[in-house]
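K.L.:
Got chain A sorted already, so can you dock chains B, C and D onto it with the hints?
4 protein chains.
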Amino acid sequence: MTIQPFKSVIKNYNVIFLDSYGVLKNFNGLIPGAIETIKYIIETGRVFYILTNDASRSPELLAEKFHNIGLNEINAQHIISSGMMAKEYLGYKIRSGKVTYLGTEDAAHYIEEAGLETIAITDLDLNDLDDISALVFLDDEGFDWNIDVQKTVNLLRQKNIPTIVANSDLTYPVSNDEVAIAAGGVAELVEKIVNKKFIHFGKPDGRMFMYAYELLMRQGNYKKDEILMVGDTLYTDIIGGNKFGVDTALVLTGNTRKERAEVLIRSYGIIPDYICESIGS
Amino acid sequence: MTIQPFKSVIKNYNVIFLDSYGVLKNFNGLIPGAIETIKYIIETGRVFYILTNDASRSPELLAEKFHNIGLNEINAQHIISSGMMAKEYLGYKIRSGKVTYLGTEDAAHYIEEAGLETIAITDLDLNDLDDISALVFLDDEGFDWNIDVQKTVNLLRQKNIPTIVANSDLTYPVSNDEVAIAAGGVAELVEKIVNKKFIHFGKPDGRMFMYAYELLMRQGNYKKDEILMVGDTLYTDIIGGNKFGVDTALVLTGNTRKERAEVLIRSYGIIPDYICESIGS
Amino acid sequence: MTIQPFKSVIKNYNVIFLDSYGVLKNFNGLIPGAIETIKYIIETGRVFYILTNDASRSPELLAEKFHNIGLNEINAQHIISSGMMAKEYLGYKIRSGKVTYLGTEDAAHYIEEAGLETIAITDLDLNDLDDISALVFLDDEGFDWNIDVQKTVNLLRQKNIPTIVANSDLTYPVSNDEVAIAAGGVAELVEKIVNKKFIHFGKPDGRMFMYAYELLMRQGNYKKDEILMVGDTLYTDIIGGNKFGVDTALVLTGNTRKERAEVLIRSYGIIPDYICESIGS
Amino acid sequence: MTIQPFKSVIKNYNVIFLDSYGVLKNFNGLIPGAIETIKYIIETGRVFYILTNDASRSPELLAEKFHNIGLNEINAQHIISSGMMAKEYLGYKIRSGKVTYLGTEDAAHYIEEAGLETIAITDLDLNDLDDISALVFLDDEGFDWNIDVQKTVNLLRQKNIPTIVANSDLTYPVSNDEVAIAAGGVAELVEKIVNKKFIHFGKPDGRMFMYAYELLMRQGNYKKDEILMVGDTLYTDIIGGNKFGVDTALVLTGNTRKERAEVLIRSYGIIPDYICESIGS
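From first to last, the protein sequence lines stand for chains A, B, C and D. Note that the first sequence covers residues 1 to 281 in this note's numbering. Note that the second sequence covers residues 1 to 281 in this note's numbering. Note that the third sequence covers residues 1 to 281 in this note's numbering. Note that the fourth sequence covers residues 1 to 281 in this note's numbering.
Hints are supplied without guarantee of correctness; some may be wrong.
Any copy, or any two copies together, can satisfy a pair, since identical chains are not distinguished.
[What the hints assert, rightly or not] Under the rule of at most 20 Å between Cα atoms (straight-line distance), these lysine to aspartate or glutamate pairs were calculated in the DMTMM-like manner:
#1 223 x 113
#2 197 x 88
#3 224 x 214
#4 159 x 262
#5 151 x 273
#6 98 x 130
#7 258 x 177
#8 98 x 273
#9 11 x 36
Quick caveat, the hints were computed from the structure, so don't treat them as lab data.
Next up, chain A with everything else stripped away, as it sits in the complex (with noise of 0.2 Å):
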């Protein structure tokens, strides 16, 4: 396993996309040398999109987050989350009535940015289910386990509904060594206990590599061999990037630590055209 600076590989790549936790933060705040390295790429004349699978707020109040720490750089055009897939596809497909969700009201933002009208899981009445069209898996903070996805599983059992899960996640870290169940947790078990398919946003999924790639096109005629895909989970960002097509370089700043890096590789079977220790190295 041959590890490289970040800094001599980003050389031969015009566009980075990055995810967001574990390359440019993670449970101990700012990743060391990741406001230079952002400075680096912007003062250098490269592009950037940070690819987020987050659905808990919108990209205004997540680059808020970015500043907040001190990535300044980071505005929220420069982000791609997958609760922005989740409100375009609402956007396409949802024409009318309610959409009910599991969630913070700070990620229903995204159903009402597709001008739909939203009723909470909680604030829903199961005998009056005639106008509610859809159902969205937000992320996950501030909903009641025993009520909300008891409700979810009964509302699925009584009504067949197009059911967007804006996260795939199945945990998110709170602490160094902590996890939480993330709202893609609890959308997979709804789905296997109602046996239904939900529609998943999020990486590995191609859609936020191609919303990128689009924006991409919009400041030039970019070609695939000149992006760089940088993360630190391989089935999502790493096996996401390959898919996509363009070059990818994990860091072992998040889920994948360095002395388990290369037994992770070979039992996944997902490789990494990189390896590098952090975005800062």
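P.N.:
Frame of chain A; chains B, C and D shown alone:
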């Protein structure tokens, strides 16, 4: 699909294994005719056992619940629960330390009867896991999803201990058309997140059948072709009975409704030997 | 379940994406009315693409097969196959070495067009794998199961290389009521045995939709709500179209028979916007 | 990871259950010391059974294969094979008609011993299925993948019959570093394609343990804590033994190599009570 009267079917068998929920009772209470059928079984010298995926309370308390709805002939010694299988396992394999559990104190009885000290997951300190020797998913009322399930995930990320699922059912019915998520559902989600193999008890697993069969052998030299398994669920009761090598009767008073029975039998490929409206038919 | 005439449905759309098998033709040959419908689409200035899970031969040879049954209006440039997606991936990501494959020489065209040297798995020497850089499951006629599939498993146990499944379908129809196991089925078995993640192409994956959309953009400024995806299979065509954000029409001339359509839509939870008897209706 | 000499471990047990392949023999033939260990077990008055996932030939022929490598003390009555479990099932549940099978004629012995007429899938006429009452996946040498597996799929699409998998193993070793796909692998693929639930025999399923236990009871009043299960595979031998409630010893002469043992135990969460180099240690 030929539907036969239950009374004529059981004439051919000297031993009847019965599922509980959906067979003897359901959300409406007692299945009409259940008392008469149990009396008939006893009066004609037949033997019966209740095989139930239940890890919520002791056989004594389960029998009490039957008495409350008029099934006075059912006693603790008729009842074989998946909780008993878990207890047996713990008795054989866990010799020291404390066992932590998700579920009620009523359910913790199964662990204590195995002679082991227990600690509810709620009361567990993740920084002090030295003497924790096993984890058990009991039945699920009474724990806090937000806190306890997350703690369970983090426990298993930190310590590699045998994990037992005392009831594998994903849901349990709470009314005519609503279900709640059962411990088995939670266990399945945690198993997927931590990527380990738990030890599951409950039908379709053969252990409860075997246990009933051993009890039966103490009462006489019965053969397998004298036994009928009666259940309402194809993928637990019927496939379990089929695999154990006994004849099986599907009743239509629980999970498998009359109008869907034929489609479900075809689509699962699980074939009961008989179909009856109810055990009262 | 409302069934609408296809002719009235397509009036609302300027772009039609069509699946091939089960939509334009099936085991009985051409679907009655297919020629007239394609002519109508062309004459009214509408645009169409064929999106087909097929990695058996080049678009040119696929077009020739359409001509043989009278669909002379369909040319190679109308056809987007999962084999083309695999070819694109190989072109971007595999830069050296030889690519080994399961499938026919006709199918190997896709690898060669990506500028790569090929070697059939049959001709591979497992003791000389140094220059083997990728494995591709192409379409499946013409390889020996006993020897070739076993060799594939042992190749992947020995060498960690990117593995591409150029058509994820599990089976393909060979007559009115018989199917054969397709490359996607073999790939799924091998993936399970070696416990690695392959890169799968073909609907429901979004890549073919995206590719068609990009071709479309070169012909005019079409919007997604002008596009209709027409297919016979819920879990590839319809969920794929739904997720891509276009309207979908299910036709009943292939995998989804009229008498089962309503049950399948309910049980999968995949909901087409329209249901039509056939594209000739 | 503490490694203990096998000789000291078995001192604590009066009954030894042993897996065959990877424990008594492997691709290099007899495990060094196996003969001495079996002799020691017998001479000290201990009881042993071989529990093997094998449905290729009768216990008599399996014993003969042991004799051929010098293990003369192992007789048919020591052997409990998954094929025997399938035979038992067929004897209880299939009462008329013909049973069709994938596998060799040697394996078909198991069906014939159950008193049933057999027909190899190769000889089956898909237009004349009236008297076909069950399908069995036996061990797999000697059938033609291209023809027979496809026929199996089409049989199950046409007729809903009980389907038995007499050995669930996905692969079997053919040399030091190569494997072949076993009947269990084929069965898994077919099960996925036809979307039905087959009846699987073989470890980790508890039936073989139970069967051995019943034989044991006829020889004396043994308790479970007198039994040690010895195996080389965590997810069959060890989890099966653990779940059955007996102590388990992992040997490092088969599927679980010494250098990977600790990682595998951790990552599966399947914990043996002992680890030994080999049964000769």
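K.L.:
All hints are to be evaluated individually against the structure, with a verdict given for each.
P.N.:
Against the structure, the hints come out as follows:
For the identical chains of this complex, residue 223 and residue 113 are inter-copy neighbours only, at 19 Å across copies versus 32 Å inside a copy, given an alpha-carbon limit of 20 Å. Taking the closest pair of Cα atoms, residue 197 and residue 88 come within 20 Å of each other only inside a single copy of the chain (19 Å); across copies the shortest separation is 28 Å, beyond that limit. In this assembly of identical chains, residue 224 and residue 214 lie within 20 Å of each other by CA distance both inside one copy and across copies; the values are 12 Å within and 14 Å between. Only between protomers do residue 159 and residue 262 lie at most 20 Å apart by alpha-carbon distance; the minimum there is 14 Å, versus 46 Å within a single protomer.
Within a single copy, residue 151 and residue 273 get their C-alpha atoms no closer than 45 Å, and across copies no closer than 26 Å, so neither meets the 20 Å cut-off. With identical chains, the CA atoms of residue 98 and residue 130 are at most 20 Å apart within one copy only, with a shortest distance of 9 Å there and 50 Å across copies. For a Cα distance limit of 20 Å, the shortest separation of residue 258 from residue 177 inside one copy, 15 Å, qualifies, whereas the shortest one across copies, 28 Å, does not. Taking the shortest alpha-carbon separations for residue 98 and residue 273, only the inter-copy value of 18 Å comes in at or below 20 Å, while the best intra-copy value is 45 Å.
Within a single copy, residue 11 and residue 36 get their C-alpha atoms as close as 15 Å, which meets the 20 Å cut-off; across copies the closest is 55 Å, which misses it.
In this structure, the one hint that does not hold is number 5.
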